[in-house]
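Undergrad: Each chain, letter by letter, is given below.
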Amino acid sequence: MSASIDIHHLTKRFGALTVLDDISLAIEDGEFVVFLGPSGCGKSTLLRMIAGLEAVNEGEIALGGRRIDTLPPGERGVAMVFQSYALYPHMTVRQNMAFGLENVGTPRDEIARRTDAAAKVLEIDHLLERKPQMLSGGQRQRVAIGRAIVKEPRAFLFDEPLSNLDAALRGRTRLELAQLHQRLGTTMIFVTHDQVEAMTLADRIVVMHDRRIEQIGTPMEIYQRPATKFVAGFVGAPAMSMLPLSGVTRGPLGARLEVAGVGHIDSAVTLPEGFATQGASIGIRAEDTRPDAGADTGADRGTGAGPDMNTGSNTGSGPNTGPGSLPLTVDVIERLGDRTLLHGHLPDGTVLVAQDTGRSQVAPGQVVPVGVDPHAVHVFDAAGRAHHAGEVR
Amino acid sequence: MSGTAPTHGHSRTLFWAAAALSVLMFLPMAWVLVLSVTENEALSRGTEAAFSGPYTLKNYTDIAGNSGVFRWFANSLVVAVGQTIGVLILASLAGYAFGRLEWPGRRLVFVIVLFGLAVPEQAVIIPRHQIFSTLNLHNTYIALILPGLSLPFGVFLMTQFFRAIPPEIDEAAALDNASRWRIFWKVLLPLTLPAQATLGIFTFLFAWNDYWWPLISATDKDMYTLTVGIASSQVNFAQTEGLGFLAAQAVFAALPVLIVYIIFQKHVVTAVSGGAVK
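Heads up: the sequence lines are chains A and B, in that order.
The first sequence begins at 23 in my numbering and counts up one residue at a time.
The second sequence begins at 41 in my numbering and counts up one residue at a time.
Simulated from the structure, these hints should not be mistaken for lab results.
Cβ coordinates follow ideal geometry from the N, Cα and C atoms, glycine included.
Treat each hint with caution, since some may be false.
[To be verified] If you want the footprint, here are the derived chain A segments under chain B, 3+ residues with CB under 8 Å: (1) 88-97; (2) 119-133.
[To be verified] Below, computed lysine-lysine pairings styled on DSBU-like, alpha-carbon distance capped at 30 Å: (3) A:K153 - A:K142; (4) B:K226 - B:K306; (5) A:K153 - B:K226; (6) B:K306 - A:K153; (7) B:K261 - B:K98; (8) A:K142 - B:K226.
[As the list claims (entries may be wrong)] Sample of chain A residues with no beta-carbon within 12 Å of chain B, all distances over it, derived: (9) D44; (10) L150; (11) D188; (12) A200; (13) L206; (14) F297; (15) G387.
Throw the hints in and build the complete structure from the sequences for me.
TA: Here it is as structure tokens:
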């Protein structure tokens with residue numbers, strides 16, 4: 023039976039406060055979809071509405087073509103894993119997992135079979151007679167997932183299930199969830215504010231912001247072609263640097279983007295005629311920059327300003343600036359091992375983060391010319407809508 | 041004691057302060073216990089006999105010799121157990137409704153219930169007597185049990201306890217296809233056991249020690265509770281002539297409460313120290 027989820031014009035209000043405004047979304051059978059967004063964007067509320075824990079004010083939710091928003095939670099065919107795990111503290115692991123099956127009158131031997139099978143898969147079979155308070159956070163998490171699996175639901179709902187785990191365990195559990203999805207092939211919806219979880223787990227990401235869906239797309243679409251300025255700023259670490267756009271002229275590859283007091287960036291973006299620069303901005307990811315520390319650091323640098331880099335004639339203000347680059351005064355150096363992030367500012371005060379190699383020799387206070395990949399430049403109009411260069415690569 | 045000895049100055053002071061208070065609390069009880077096994081005649085000459093004897097168990101055998109005592113004991117047991125069970129059922133259901141369910145007027149009704157905490161028994165005793173008199177219920181177990189069932193403190197305690205249980209527990213159970221009754225009975229109620237134990241002990245203690253209402257309602261000697269019965273059997277000058285017997289009666293009356301407390305001690309400590317759902 024298909025387990026596609028269709029959400030039509032869903033609206034949710036708490037009193038006078040609208041928390042979800044006219045949400046429509048179609049999730050394919052077997053798809054792993056992540057709702058990503060900052061706190062308070064409505065992503066958890068949307069998940070809870072699918073689960074039946076919040077009433078629907080307007081709109082419809084259908085699972086496998088059957089309307090479910092009028093059904094009680096237990097009859098929707100979904101299982102949910104809560105952020106706090108919500109295990110029954112007075113029941114053993116086995117009883118926790120069996121409770122849902124007992125409620126629907128599943129025969130005892132069938133309950134035992136499913137519980138044992140799920141426990142084995144999750145490697146918690148030695149914990150079946152323990153109570154939740156005798157388990158570690160990671161073990162509780164597995165029990166919560168086990169409790170969902172034994173019900174053999176048509177869709178799994180995860181409400182930030184990894185946020186209470188430490189970093190190492192979070193990474194491991196993330197991987198196991200991905201494997202679980204591959205093995206079961208069941209529709210899964212996962213709510214998180216963690217973009218790494220979203221990027222690694224999702225077939226498609228639904229980015230939510232301020233009661234609405236900002237963008238729906240594959241992780242790479244979201245990352246490389248963010249539909250709005252919000253998505254561009256929210257997805258990716260460090261956040262995309264935003265430079266104020268002051269003018270547009272024709273360049274060799276597309277639009278030549280002027281930044282008042284700094285210079286220009288040649289981009290491969292094609293902007294519509296009469297594009298209004300008032301309130302518009304240029305988005306640049308750190309990994310699309312090529313800081314050129316010049317002779318000082320040239321010896322150990324793997325990359326320089328390659329043939330794709332900007333080669334225009336910028337107005338350099340520092341000693342190391344060269345043609346086609348932004349003069350970045352480095353304020354803070356963040357070493358991440360394999361790469362180095364240079365946090366600095368441009369002559370107009372705009373903050374920019376550039377990425378150098380792991381063995382970067384750049385020092386704070388140094389002015390470094392930074393080249394920008396013209397194909398990776400994003401332009402956002404005053405309303406926040408994005409314009410990109412070329413195709414998704 | 042030595043195993044739990046404090047290691048630094050501040051907690052050492054606290055330890056000795058608590059020890060001193062414990063001794064202070066225990067002294068009167070020990071005094072009554074010693075008096076209860078001291079001969080009446082020796083005590084009538086002066087209470088210093090408690091330190092010199094002669095000691096005897098006659099005071100206790102005298103209790104057994106009083107034909108009414110076992111009947112009163114049974115009455116007290118019926119009333120205390122009945123009231124405890126009734127309060128636990130009512131307070132749990134009310135606590136669930138106030139702490140867990142959304143319904144119009146919930147806050148208002150809760151406030152009205154809490155107002156009950158401010159109304160002393162003395163203020164309602166005459167109308168209560170008249171109601172039971174009109175209904176011809178005096179000298180029945182119903183009359184002895186019923187007034188104790190309206191316990192605002194119990195409702196308050198259970199409401200707070202139900203509120204402290206994370207809502208995700210109910211939600212998980214709802215997703216597990218459990219009916220509202222099953223969620224209450226199988227999931228939430230077991231989690232309130234510490235509070236149930238505390239409330240149960242307090243209710244039992246209160247009902248067992250209650251004197252005033254049974255004195256008014258139970259006029260038939262066969263319907264006396266232990267407190268009323270023991271008081272009625274005291275003759276004039278009991279304080280001076282039958283001090284040992286009086287003390288033995290006090291010990292006898294306190295025993296069931298002590299036993300109940302010892303059995304449920306763990307739950308009481310858990311509840312009083314605020315350990316709800318971890």
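Undergrad: Each hint: holds or not?
TA: Going through the hints against the structure:
Closer than 8 Å: that is the beta-carbon criterion, and the region 88-97 of chain A has 4 residues meeting it against chain B, so the requirement of 3 holds. Restraint check on the region 119-133 of chain A versus chain B: 4 residues with Cβ-Cβ distances below 8 Å, three needed, restraint holds. For a cut-off of 30 Å, the pair hint linking K153 of chain A to K142 of chain A stands: about 17 Å separates their Cα positions. For the hint pairing K226 of chain B with K306 of chain B, the CA-to-CA distance comes to about 22 Å; that is within 30 Å, so the pair holds.
For the hint pairing K153 of chain A with K226 of chain B, the CA-to-CA distance comes to about 16 Å; that is within 30 Å, so the pair holds. Of the pairs offered as hints, the one joining K306 of chain B and K153 of chain A holds, with about 19 Å between alpha carbons and a cut-off of 30 Å not exceeded. Between K261 of chain B and K98 of chain B, the direct Cα distance comes to roughly 25 Å. Compliance with the 30 Å bound is thereby established for this hinted pair. In summary, the hint linking K142 of chain A to K226 of chain B is supported, as the alpha carbons are separated by about 27 Å, within the 30 Å threshold.
Here D44 of chain A stays apart from chain B, with its beta-carbon at least about 26 Å from theirs, past the 12 Å limit. For L150 of chain A, the non-interface assignment is confirmed: its Cβ lies about 18 Å from the closest Cβ of chain B, beyond the 12 Å cut-off. Interface exclusion of D188 of chain A from chain B stands, the closest Cβ pair being 20 Å apart, more than 12 Å. Listed as outside the interface, A200 of chain A is consistent with that label: its C-beta sits roughly 23 Å from the nearest C-beta of chain B, beyond the 12 Å cut-off.
Even its closest Cβ contact with chain B, about 18 Å, leaves L206 of chain A beyond 12 Å, as expected for a residue assigned away from the interface. F297 of chain A, annotated as away from the interface, keeps every beta carbon of chain B farther than 12 Å; the closest lies near 49 Å. In this structure G387 of chain A is separated from chain B by more than 12 Å, as the shortest Cβ-Cβ distance comes to about 51 Å.
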